[in-house]
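**Q** Take the given structure of chain A and dock chain B to it, following the hints.
In the order they appear, the protein sequences are chains A and B. Using our numbering, read the first sequence as starting at 1 and increasing by one per residue. Using our numbering, read the second sequence as starting at 1 and increasing by one per residue.
Hints listed in this document are in silico derivations from the structure and should not be mistaken for laboratory results. Everything numeric in this text was worked out from a predicted model, so none of it was measured. Among these hints, one or two may not hold up.
[Stated by the list, open to error] Covered stretches of chain B, as calculated for chain A (at least 3 residues, CB under 8 Å): (1) 15-21; (2) 99-108; (3) 144-151; (4) 287-301.
Built from N, CA and C at the ideal position, the CB exists for glycine as well.
What follows is each chain in one-letter form.
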Amino acid sequence: MSTAVPTVSRASLVARQFLRKRLALGGVAFLLALFALAYLSPLLTKWQYDQLDTTAFLTPPSVGHWFGTTQNGFDVFALTMRGMQKSLVIGLLGALISTGLAAVVGAFAGYFGGRLNTLLVGLIDLLLVLPGFLIISILSPAFHGRTWLIFVLLLAAFQWMITARIVRGMTLSLKEREFVHAARFMGVPGSRIIFRHILPNVASLLIIDATVNVSSLILAEVGLSFFGFGVQPPDVSLGTLIGDYSGSSLSYPWQFYFPAGFLIALVLAINVIGDGLRDAFDPNAGGSVS
Amino acid sequence: MARFLLRRFAYLLVLVVVATSVAYVLAATQLNPRSRYEGRNPPPPPAVVDAALDAINMNNKTPLGTRFGRWVGGVARGDFGRTIDNTPVNDEFGRRVLVSLRLMLIGTVFGTLLGVAAGAYGAVRQYRWSDRVLTLFSFVTLSIPVVVMAVLFKNAGIELNNLLGFAGDTKLLYTTGEMTPGLDSWSWEGIVNRLSHLVLPSLVLAVSAIAFYGRYQRNAMLDVLGSDFLRTARAKGLPRTRALIKHGLRTALIPMATFFAYQFALLFVGATFTEKIFGWHGMGEYFVDSVTKNDVNSVAAVTLFVAILVLIAGFLSDIAYALLDPRVRV
Numbered sequence: 001m002s003t004a005v006p007t008v009s010r011a012s013l014v015a016r017q018f019l020r021k022r023l024a025l026g027g028v029a030f031l032l033a034l035f036a037l038a039y040l041s042p043l044l045t046k047w048q049y050d051q052l053d054t055t056a057f058l059t060p061p062s063v064g065h066w067f068g069t070t071q072n073g074f075d076v077f078a079l080t081m082r083g084m085q086k087s088l089v090i091g092l093l094g095a096l097i098s099t100g101l102a103a104v105v106g107a108f109a110g111y112f113g114g115r116l117n118t119l120l121v122g123l124i125d126l127l128l129v130l131p132g133f134l135i136i137s138i139l140s141p142a143f144h145g146r147t148w149l150i151f152v153l154l155l156a157a158f159q160w161m162i163t164a165r166i167v168r169g170m171t172l173s174l175k176e177r178e179f180v181h182a183a184r185f186m187g188v189p190g191s192r193i194i195f196r197h198i199l200p201n202v203a204s205l206l207i208i209d210a211t212v213n214v215s216s217l218i219l220a221e222v223g224l225s226f227f228g229f230g231v232q233p234p235d236v237s238l239g240t241l242i243g244d245y246s247g248s249s250l251s252y253p254w255q256f257y258f259p260a261g262f263l264i265a266l267v268l269a270i271n272v273i274g275d276g277l278r279d280a281f282d283p284n285a286g287g288s289v290s
Numbered sequence: 001m002a003r004f005l006l007r008r009f010a011y012l013l014v015l016v017v018v019a020t021s022v023a024y025v026l027a028a029t030q031l032n033p034r035s036r037y038e039g040r041n042p043p044p045p046p047a048v049v050d051a052a053l054d055a056i057n058m059n060n061k062t063p064l065g066t067r068f069g070r071w072v073g074g075v076a077r078g079d080f081g082r083t084i085d086n087t088p089v090n091d092e093f094g095r096r097v098l099v100s101l102r103l104m105l106i107g108t109v110f111g112t113l114l115g116v117a118a119g120a121y122g123a124v125r126q127y128r129w130s131d132r133v134l135t136l137f138s139f140v141t142l143s144i145p146v147v148v149m150a151v152l153f154k155n156a157g158i159e160l161n162n163l164l165g166f167a168g169d170t171k172l173l174y175t176t177g178e179m180t181p182g183l184d185s186w187s188w189e190g191i192v193n194r195l196s197h198l199v200l201p202s203l204v205l206a207v208s209a210i211a212f213y214g215r216y217q218r219n220a221m222l223d224v225l226g227s228d229f230l231r232t233a234r235a236k237g238l239p240r241t242r243a244l245i246k247h248g249l250r251t252a253l254i255p256m257a258t259f260f261a262y263q264f265a266l267l268f269v270g271a272t273f274t275e276k277i278f279g280w281h282g283m284g285e286y287f288v289d290s291v292t293k294n295d296v297n298s299v300a301a302v303t304l305f306v307a308i309l310v311l312i313a314g315f316l317s318d319i320a321y322a323l324l325d326p327r328v329r330v
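With the rest of the complex left out, here is chain A (with noise of 0.2 Å):
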């Protein structure tokens, strides 16, 4: 008896999965949201983010000044908008290097073993030691006045390390399957092997690591900049933006809570997308969220 069954590659039955999760779908609606009102806001109002409004200096939101401005005269929609663009670059483009410099010293670390696999492990090690924060702290003046794509390699820098121990592992067992020893067998060169058929079998754990990582990578961002050692000014991001009105976040609560709130909002966006995705892939876990 042969019924022919209809095949579902796997990547449909994670996206089925996915689909499925209304709060996961809400979260992507919603960073979604929040990317084209971040970019399209310049064209909402007329006031941009390094524009002063001579005539209005601490002013609580208005018709004009939608979420109010700053002792200076900025508008505070202006700058909450300005400092989310640089939020979600920074943590796309950190967690995609972060992401993938994971995936590929774990897989070679893994892969070829031997001296590589010694020397990657040891760099791995010696990243784990050292204090992130404090390292990126020590090392902001050399950043200082030159381009914010630094910090972000430096934030991506001590990032990867974990999620590259976890894929050097799988990587050791995928190594003995059938698949990589047929094509070895046949003369596919190593790094092509790793490419084509060992970090297709990483995949769902790359994508919730990026994922996850998007978040923890604006949270950092927040933290330094916070302290005056990310983006640097004329520059703004929500770190910035926090780092600069906290201080008088009760008597002038708009321009604190404003950037907050919309940075609680993003990396909680982010956090239920990721939540969702561990779910899709491992139907065996347990959501905490759903």
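**A** Frame of chain A; chain B shown alone:
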């Protein structure tokens, strides 16, 4: 077990040395103590600047190796060198270390205990409303950065004081500093005053720790709940609670021991925000100020402090690991 712990201790010690050395070298090369004198008007003669920098071992014209050697020699004798203001780092360190430790200790103890309890409870009551409330709490809390949480708690404290009519110098919950200046610290009044300064900052640290540990403990506990050995324990007649605690919780605590060690460096970062926002003069504030002031020796001293804290946390988690998991002891 002694051999296992000894080996772990030696390993952790090497890591402390490496982390601190790297931090010193980075600080000595990236920070620029000379800039302190460059902006002065009239500019001091170069020889004077060099002499001042030499006195505190921060002259970038001295080879890095020599400076590092001198610093290591000092640290070996328990002397962390001079700050950029030419005062002993040790004095500053001694004044601040207890301030931070008090904050971190209370935050950790409450955070881990309540977090583990909440996580384990949530797992046992999976999908009941109490579990849902707990997971929602930890989910939302983990999305709020400690900086924002500290500001929220501070503002809430001030509002509460106003609401209850504490307008003068005496407050229900203090939001600045660790003690009202001028009080005798060991009198009854002084102790109460300290405690009411301590409530909000430790609450900030504890709440985020509860959320963190609660979330992971719940997952670890859920993994254990379906296991065969737990069913066996129940089948041989152990009451439910005892089986859950002796066989369930004990096993589920093992992965948490590792988390504890990793989390400790982050706790210092959290304490830094809390200190800055609540005006405590602790080690976190010291670190941030030192980086801004290009104070190489102070930066290195705080890094050593953090590395030692991580060493202690790592060692404690190894001990917990050995106690919980009999396989390690052989």
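**Q** Three residues or more, CB to CB closer than 8 Å: is that satisfied between the stretch 99-108 of chain B and chain A?
**A** violated (count 0)
**Q** For the stretch 15-21 of chain B, does the count of residues with a C-beta closer than 8 Å to a C-beta of chain A reach 3?
**A** holds (count 3)
**Q** Would you check chain A against the stretch 144-151 of chain B, counting CB to CB pairs closer than 8 Å, and say if three or more residues qualify?
**A** holds (count 6)
**Q** Quick one: see if chain A covers the stretch 287-301 of chain B, three-plus residues with Cβ-Cβ under 8 Å.
**A** holds (count 6)
The structure does not agree with numbered hint 2 stated previously, though it agrees with all others.
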